[in-house]
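Student: The lines below spell out each chain.
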Amino acid sequence: MYNTSELRFKGTQVAYYLICHRKLWLFTKGISFEDESDYVELGKLLDDTSFSRENKEGVSYEPVSIDFFSTENGLVVHEIKHSSALEPAHILQVKYYIYYLRQKGIKVSHGIIHYPKSKKLLKVELEEQDNELMQEVFKNMDNIIKKDKPPEVINKAYCKKCAYWEYCYG
Amino acid sequence: MGEVYYITTSGTLRRDENTILFENQDIKKKIPIENVSELFIVTEVSTNTKFFSLLSEYDIVAHFFNYYGYYIGSFYPRESKLSGHLIIKQVEHYLDKEQKLYLAKSFVIGSIINSEGIYKIDTKEHLEALKQASNTQEIMQVEGNFKKLCYKALEELTGWDFEARTKRPPQNPLNALISFGNSLVYAKVLGEIYHTPLNSTVSYLHEPSEKRHSLSLDMAEVFKPILSEGLIIELLKSKAITEKDFLEEAEYCYLNAEGRKKFLRAFDDLLKSTVYHPKLKRNVSLKTLIRLELYKLVKHLTGEEYYLPVNYHSLKR
Numbered sequence: 000m001y002n003t004s005e006l007r008f009k010g011t012q013v014a015y016y017l018i019c020h021r022k023l024w025l026f027t028k029g030i031s032f033e034d035e036s037d038y039v040e041l042g043k044l045l046d047d048t049s050f051s052r053e054n055k056e057g058v059s060y061e062p063v064s065i066d067f068f069s070t071e072n073g074l075v076v077h078e079i080k081h082s083s084a085l086e087p088a089h090i091l092q093v094k095y096y097i098y099y100l101r102q103k104g105i106k107v108s109h110g111i112i113h114y115p116k117s118k119k120l121l122k123v124e125l126e127e128q129d130n131e132l133m134q135e136v137f138k139n140m141d142n143i144i145k146k147d148k149p150p151e152v153i154n155k156a157y158c159k160k161c162a163y164w165e166y167c168y169g
Numbered sequence: 000m001g002e003v004y005y006i007t008t009s010g011t012l013r014r015d016e017n018t019i020l021f022e023n024q025d026i027k028k029k030i031p032i033e034n035v036s037e038l039f040i041v042t043e044v045s046t047n048t049k050f051f052s053l054l055s056e057y058d059i060v061a062h063f064f065n066y067y068g069y070y071i072g073s074f075y076p077r078e079s080k081l082s083g084h085l086i087i088k089q090v091e092h093y094l095d096k097e098q099k100l101y102l103a104k105s106f107v108i109g110s111i112i113n114s115e116g117i118y119k120i121d122t123k124e125h126l127e128a129l130k131q132a133s134n135t136q137e138i139m140q141v142e143g144n145f146k147k148l149c150y151k152a153l154e155e156l157t158g159w160d161f162e163a164r165t166k167r168p169p170q171n172p173l174n175a176l177i178s179f180g181n182s183l184v185y186a187k188v189l190g191e192i193y194h195t196p197l198n199s200t201v202s203y204l205h206e207p208s209e210k211r212h213s214l215s216l217d218m219a220e221v222f223k224p225i226l227s228e229g230l231i232i233e234l235l236k237s238k239a240i241t242e243k244d245f246l247e248e249a250e251y252c253y254l255n256a257e258g259r260k261k262f263l264r265a266f267d268d269l270l271k272s273t274v275y276h277p278k279l280k281r282n283v284s285l286k287t288l289i290r291l292e293l294y295k296l297v298k299h300l301t302g303e304e305y306y307l308p309v310n311y312h313s314l315k316r
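So the protein sequences, as listed, match chains A and B. Using numbering that gives the first Met the number 0, you'd call the opening residue of the first sequence number 0 and step up by one each time. Using numbering that gives the first Met the number 0, you'd call the opening residue of the second sequence number 0 and step up by one each time.
Just so you know, the hints here were simulated from the structure itself, not pulled from any lab data. Backbone N, C-alpha and C define an ideal beta-carbon position, used for all residues, glycine too. Among the clues, some could well be false.
Selected chain A positions facing chain B (in silico; Cβ < 7 Å) [stated by the list, open to error]: (1) F26; (2) K28; (3) G29; (4) I30; (5) K119; (6) Y163; (7) G169.
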């Protein structure tokens, strides 16, 4: 059983686990690069301009930092993404937030992913069997991070939109 | 995406809300901070702490040069990209004699292969001597000998006198150009290092104990032939820069304000010019080429791929 009282992953790390093991490794080692791609600019802009009426000061339970909350039978965790291309990773990230907060004894109802560009909402629930899934994910993440070299490049179409693209392929 | 700005006229530089305000008797100009990626301040300016906090907030490196175009130093904001893991790797490669030699030689190989394309000097003998070198001193010696040939070729190619390398102060126009060009390359490489997780003080060819960002000196070796010497040859051959662009007195020689402007414009054009990158399969600017070279160094340090310096002249335009 994974020792969940010592959970130290950030939400993005959990998402990277599904997106790219290499990115997870590099990011965890603090090897990150100046994000000069338009996608990252877009993301920042989206963060600053979407949902300006909501309480976005948000609650940051280190190491997780959640876009914003609302309440409805407990907390609702909200996450804003600009494209749904990597939806499974976004879902896992939000499931992790719910899992994490529940571990801390906070009553969380569900999560919502917002795709403002396509005006799409996605409700995310943490089901009973997901607890096992999270355990599995944490164990695998630990194994990836423990490697002494970064995992190989993955040659996916979405690599071109990644801030590490020039690093990995140059 | 910001641009590199070059300030070449004297005045004051201040923060005004979220813009940089440049002002003197004749001009009042606002530069939105989002448009700026890096600053070269190649003249005397007055400024204040608020200006530096603005630069820091936006991760902007600013390089300062004095009235004569002599490099004073850089404002290097608090680093946000450092990686403890990578710094440990950098130090490991410094402490291991073989690893240190490998990287020290690589930077000189980069310098030699990129000079070859500019001066058309036969490099075989020098590369062979480099292979035999067993310490930094010997490497430096090989480099010194090779550089002498380059400077001789520089005289022949430009028709300008070089005599010997004189630095503080440079004593003739060719030396003045090399000093100015090299300091620009050093500053530019440093500006790129800032945006990587590399620590700028741990180096291999130059000793880290020198109180400078010595990793920038290391990597600048690879790019000086292209961005400094190659540019000088072009500017002199095309007569874009002439005797009139220098300030010459008995013991020293510097580019005057007009000369510096011309040089900076050409330097910036060159950095923006593109070459085809065979691995990325697209055109990249020379600025990006510097960044990619630093990425290669990161990969070397993480044990992924041996660092091999870029051969600029083998890339297609």
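Student: Hint by hint, say whether it matches the structure.
Tutor: Against the structure, the hints:
Of the supplied interface hints, the one on A/F26 is violated, with its beta-carbon coming no nearer than about 10 Å to a beta-carbon of chain B, more than 7 Å. Nearest Cβ of chain B to the Cβ of A/K28: about 4 Å, under the 7 Å cut. The hint holds. Hint status for A/G29 relative to chain B: holds, with the closest Cβ pair at about 3 Å, below 7 Å. With 7 Å as the threshold, the beta carbon of A/I30 comes within range of chain B, its nearest partner Cβ sitting at about 5 Å, so the hint holds.
Given hint, A/K119 at the interface with chain B, is violated; its Cβ is 29 Å from that chain's nearest Cβ, farther than 7 Å. At a threshold of 7 Å, the smallest CB-CB gap from A/Y163 to chain B is about 9 Å, leaving the interface hint violated. Hint on A/G169 holds. Least Cβ distance to chain B is approximately 4 Å, under the 7 Å limit.
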